[in-house]
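K.L.:
Keeping their order, the protein sequence lines are chains A and B.
Each residue of the first sequence is one higher than the one before, starting from 1 at the first, in our numbering.
Each residue of the second sequence is one higher than the one before, starting from 1 at the first, in our numbering.
Every clue listed holds true.
Restricting the straight-line Cα-Cα distance to at most 27 Å, the calculated cross-link-like pairs of lysine-lysine (DSS-like) are:
{"#": "1", "chain 1": "B", "residue 1": "Lys20", "chain 2": "B", "residue 2": "Lys208"}
{"#": "2", "chain 1": "A", "residue 1": "Lys6", "chain 2": "B", "residue 2": "Lys208"}
{"#": "3", "chain 1": "B", "residue 1": "Lys212", "chain 2": "B", "residue 2": "Lys20"}
{"#": "4", "chain 1": "A", "residue 1": "Lys96", "chain 2": "B", "residue 2": "Lys212"}
{"#": "5", "chain 1": "B", "residue 1": "Lys212", "chain 2": "A", "residue 2": "Lys101"}
Residues from chain B that face chain A, not an exhaustive set, calculated with beta carbons under 8 Å:
{"#": "6", "residue": "Arg24"}
{"#": "7", "residue": "Val42"}
{"#": "8", "residue": "Met46"}
{"#": "9", "residue": "Asn73"}
{"#": "10", "residue": "Arg83"}
{"#": "11", "residue": "Ser84"}
{"#": "12", "residue": "Trp88"}
{"#": "13", "residue": "Ile94"}
{"#": "14", "residue": "Glu115"}
{"#": "15", "residue": "Tyr145"}
{"#": "16", "residue": "Trp146"}
No wet-lab data here; the hints were simulated from the structure.
Note that the Cβ used here is the ideal one computed from N, Cα and C, for glycine as well.
Take a look at the letters that make up each chain.
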Amino acid sequence: MKNEEKEFYPDYLAEILLIVFIALEVTIVLALVYPQGIGRQINFSTPYRPLPEWYFLWLYQIVRYFPGRWAFVGTILLPVTAVLILIFIPYIDRGKRGRLKAILAGLILLLSFLIFTLLPALNP
Amino acid sequence: MGEIFDWIDNRFGIRQPHRKFLHRDIPEGVNYSFCLGGAALVCFIMLFLSGIMLSIYYVPSETEAFNSIVRINNEVRLGWFIRSFHKWSSNLLIISIILHTIRVFIYKAYRSPRELNWVAGSLTLVIVFASGFTGYLLPWDQKAYWATEVGTSMAKTIPIIGKYLLYLVRGGEDVTGTTLIRFYAMHIIYLPSCLFILLWAHFHMVRKQGIKGGL
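Using the sequences and the hints, build the whole thing.
P.N.:
The following block contains the structure:
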């Protein structure tokens, strides 16, 4: 399976270096244009519901669906299930229609991540 | 010049590994989407370097943490930039690692014999999320405090062991300076060590099994 047209050196190495510099530059530009501000000092007397980082918004959203004694479904059961599905994708893709099952599992993970991230972002 | 190089190479043995590195086989159908994993690695290296720079001035204590962040932002030369750089590369790391996962999925690169590498990658994703969570508390401001308060209180909802787990995570009943030190240790020692081991395993397997080519 040798690639006839391009070699690792210099063709792919140049492309890799390009990606390295793009990643570096994007980060530098973002840091320069949108620097991190300083938050407010902790005030224990005024608790408020802070939004988490965008990559935890999905968790923030599903926790809201399970109040009271069913809270563990949102906080532990669903996230752990999602992680286990992710880890076991190669084993879901087994036997007849394995790929179809894997695609289904992957799509469920990806779509629920997107939907539950967008829901609180759109109406907090 | 060639003689001198040969003399050095006879003792140093650099030519052989170099040839191996530069003339490796690349399969057909490799395109720019295969760079996403590399982009994630670049983000990780940027995080590591800016993180060790921040650790010089950051003070992980209940009374000093917030002040040290103010000092990094206002007094330390380019401190504001290093801090923003750290924050932005963490966001880019999450994005590129998720896209990399999707890319590997689409190209069926998780299939035998690469299952174990998929598992290593998935665990890396989990640890990166955990790093994001522990890093969020470190500025010790209003947002960080209450986000951690809410986030760690989720541990309490687990049946039976929840109470003890909450105590373990917070180092007490409430989020205090003990929690801050715990999260700091997790953020700069425990989780990065796990990441180093996982990434070593990840790249070792990539090298052994080769890159899976196009569809």
